[in-house]
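Residue numbering for the sequence shown follows this note's numbering, starting at 6 and increasing by one per position.
Check each hint, because a few of them may be wrong.
Unchecked claim - Across the chosen pairs, the derived CB separations fall in these ranges:
id, residue 1, residue 2, range
1, 482, 530, 57 to 63 Å
2, 782, 14, 30 to 36 Å
3, 567, 276, 30 to 36 Å
Claimed, not checked - Capping the alpha-carbon separation at 30 Å, the derived lysine-lysine pairs in DSSO-like fashion look like this:
id, residue 1, residue 2
4, 795, 717
5, 161, 717
6, 161, 567
No lab work stands behind these hints: they were computed from the structure. Glycine included, every Cβ here is placed at the ideal spot set by N, Cα and C.
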Amino acid sequence: MFIVNLAIIIPFLAAVLIPLLNKRFSGIHIGWFVLLVPAALFIALIRYIPSIADGETYSHTINWIPSYGINFTTYLDGLSMIFALLITGIGSLVILYSIYYLSPKESLSHFYVYLLLFMGAMLGVVFSDNLMVLYVFWELTSISSFLLIAFWYHRKRSRQGAQKSLLITVTGGFSMFIGFIFLYVMTDTLSIREVVSTISSYTDHSLFLPAMLLILLGAFTKSAQFPFHIWLPDAMEAPTPVSAYLHSATMVKAGIYLVARFTPVFGGDQVWFWLVSGVGLLTLFWGSFNAVRQIDLKALLAYSTISQLGMIMSMFGIGSAALHFGYSTESVVYTQATFAALFHLVNHSTFKGALFMVVGIVDHEVGTRDIRRLGGLMALMPATFTIALIGSFSMAGLPPFNGFLSKEMFFTAALNISQLDIFSLSTWGVLFPVIAWTGSVFTFVYCMIIVFKPFLGSYHEEKLERPPHGAPTGMLIAPGILAMLVVGIFFFPNLVGNYLIRPAMSSVFPVLASAAELGQPISAWHGFIPELWMTIGVVVAGVFLYIFHRYWKVVYKLFPEKWTFNELYTFSLTQLEGRSTTITNGYMTGFLRDYMVYIFLFFIAAVGGMLFFTDAFSFDTSGNASISKYEWIISFVMMAAAIAILFAKSRLTAILLNGVLGFSIAAFFVVFRAPDLALTQLVVESVTTVLFLVCYYFLPEWKKEDAPRKTKNNNLIISVSVGAVFVLVGLAVQNGKLFETISGYFENAYELAGGRNIVNAILGDFRAFDTMLEVVVLLIAGIGVYTLIKLKARKEDETFED
């Protein structure tokens with residue numbers, strides 16, 4: 006199925022064309038051209054929903070490095086379909102929103118190129134079946150998101166936020182890469198499907214647990230799980246369309262995808278269960294707790310995203326317990342947590358994308374996101390308020406919005422898992438519903454803040470940057486569509502459940518897919534069950550905490566800024582920069598002599614050490630040819646010239662003595678009957694000597710200073726050591742012939758290349774590409790020199806005219 010490969014490639018091709026289209030059609034907003042890419046891909050993918058729902062999968066392979074098992078293999082199943090639809094669908098709405106949000110004065114071509122690069126990379130992540138290819142796209146998402154977050158690079162906080170996100174996510178990605186290598190060592194395959202099918206034979210392998218931990222580290226860093234969540238709030242310095250796309254529907258969901266995709270590999274293991282569910286619940290609580298204290302609407306949404314990601318992650322962890330029971334009806338009961346996770350994944354993308362766009366509208370039309378300065382905007386922005394109300398109440402888990410359905414399922418999963426008698430849940434299982442309910446209470450509180458603080462209350466125009474007014478109709482289309490989806494999914498949830506969630510469940514639980522139907526029909530009413538009472542409790546406690554917020558918010562003073570993970574990150578980075586600066590200043594002296602000393606010392610240690618440890622000092626000179634008197638004479642001349650350079654009083658003398666060395670080598674070639682090499686050496690040496698003389702003519706007068714005795718002794722030791730190592734290497738190579746010489750192949754140069762001169766045949770035919778590239782390098786160097794000369798001449802002319 007080549008369409009999947011095209012879905013990955015098309016955004017990259019479009020990114021190449023964007024600058025050309027922007028220049029060719031300067032009168033048309035470039036965003037309209039970009040919008041065609043995700044919209045077309047979304048429509049193309051929708052066509053495969055019925056067949057995917059029937060259990061079909063599609064795969065296509067393009068050979069890349071087959072000798073190492075690295076091929077560009079794409080795989081479309083239920084799980085990758087959900088993420089691909091979110092990437093292209095939300096991507097289309099975000100691009101439509103950005104057309105009205107971003108000013109034409111911005112560098113729009115750069116923005117959309119970065120956005121398309123990110124889109125293609127995310128599609129590559131979810132479609133890749135090869136571990137190495139997945140890693141390549143994974144890191145490409147980090148790089149492209151870095152460019153998007155730092156889009157307003159003139160802002161210091163944008164640069165810092167981009168740097169933090171890059172450092173944390175790339176570090177996690179590198180650990181994930183090592184985990185992939187461990188999986189390959191265990192299973193001898195890079196195919197994810199083959200790893201899933203064979204991993205049961207390797208659960209006792211010594212690398213199984215390290216691979217799990219390293220892969221989870223990559224997932225946690227990308228999905229902003231505690232304590233790696235600190236990069237997400239700082240990434241909010243990006244333009245709002247970027248936040249709506251990367252941090253609600255795509256990039257932060259990459260870690261969720263990784264956990265879902267590798268649940269068949271590691272699910273059922275106690276460590277996996279506690280790490281995924283435990284870190285998810287901790288992230289849920291910590292994100293919701295910190296969201297309430299924020300005064301910036303975008304920062305509040307950032308922490309709400311962290312809490313919602315933690316909720317989804319915890320449900321995947323809870324659902325993985327089903328694999329502990331293997332093939333049984335009982336196991337299918339606990340898969341409902343995974344069903345809820347996938348359902349909330351879709352729901353979160355709809356309401357959170359709408360809320361980010363709403364905050365962008367407020368900032369765009371009012372000029373501030375500070376909650377303390379906002380109020381009374383409902384009358385001025387009724388449509389924006391309606392969308393904010395729908396998105397916030399859905400995130401709070403209230404009917405009739407889709408968040409209510411998945412939140413009820415989350416409570417069901419937490420209650421069910423607390424009753425299990427595995428993984429020490431009989432003792433610690435009670436914490437699952439407690440933490441889930443507590444985090445939901447704080448979620449309700451910050452949702453009320455989003456709705457009531459900016460839009461209700463008193464209106465203070467003097468506190469605003471500009472007079473507020475309603476958003477343009479075009480800017481309301483995208484969040485309006487998402488708001489309608491929020492309501493529509495509540496009334497028709499089984500359309501999503503049957504056509505998207507169930508096929509994805511078969512991907513997460515391939516072993517259990519035939520045991521029973523994975524997932525139950527979604528319903529808004531189940532009677533007066535514990536989950537409903539938990540929801541009522543959330544509303545009552547949330548309203549109470551919201552009303553009396555000013556009285557209990559002093560609790561945040563128990564968590565001073567200096568003890569946060571942000572401060573730990575800043576302190577660590579400052580210390581690393583300081584220490585690295587000290588070390589760098591220690592060896593970067595600015596003297597070429599010192600740098601040559603480093604190079605020679607490394608050569609002595611590396612090459613000399615290798616000779617010592619491999620016992621390569623043995624050599625035999627009995628078979629060597631005798632040295633003629635001419636060779637002795639040339640050797641003594643070279644030694645005398647080399648020693649004389651050390652005592653030269655002027656640059657001219659040193660250059661001429663260095664030329665003696667070069668011409669002596671040419672004389673050696675003559676003695677050894679290699680006239681072509683001798684001629685080449687003579688030409689090169691003549692040219693370089695002349696160039697040296699011309700260059701040094703323009704340098705200031707050389708005042709040779711007498712170096713300290715210690716420096717002279719060190720130089721002497723290093724020089725003798727380097728010479729000795731070279732001699733030993735030459736002798737060792739001559740004696741240690743491990744392979745047959747290749748000279749016999751070139752002796753047949755006349756039949757192979759039609760050249761009677763072996764040297765010319767080697768340069769002209771056997772090394773043709775190498776010689777051609779050398780010529781290209783010289784051409785590029787010549788162009789550079791010519792450009793510099795012309796620029797200098799033009800500058801002098803302009804100065805003269807002035």
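Practice problem: Just pull the numbers of the violated hints for me, sorted ascending. | Solution: Of the numbered hints given earlier, those the structure breaks are 1, 4, 5, listed in rising order.
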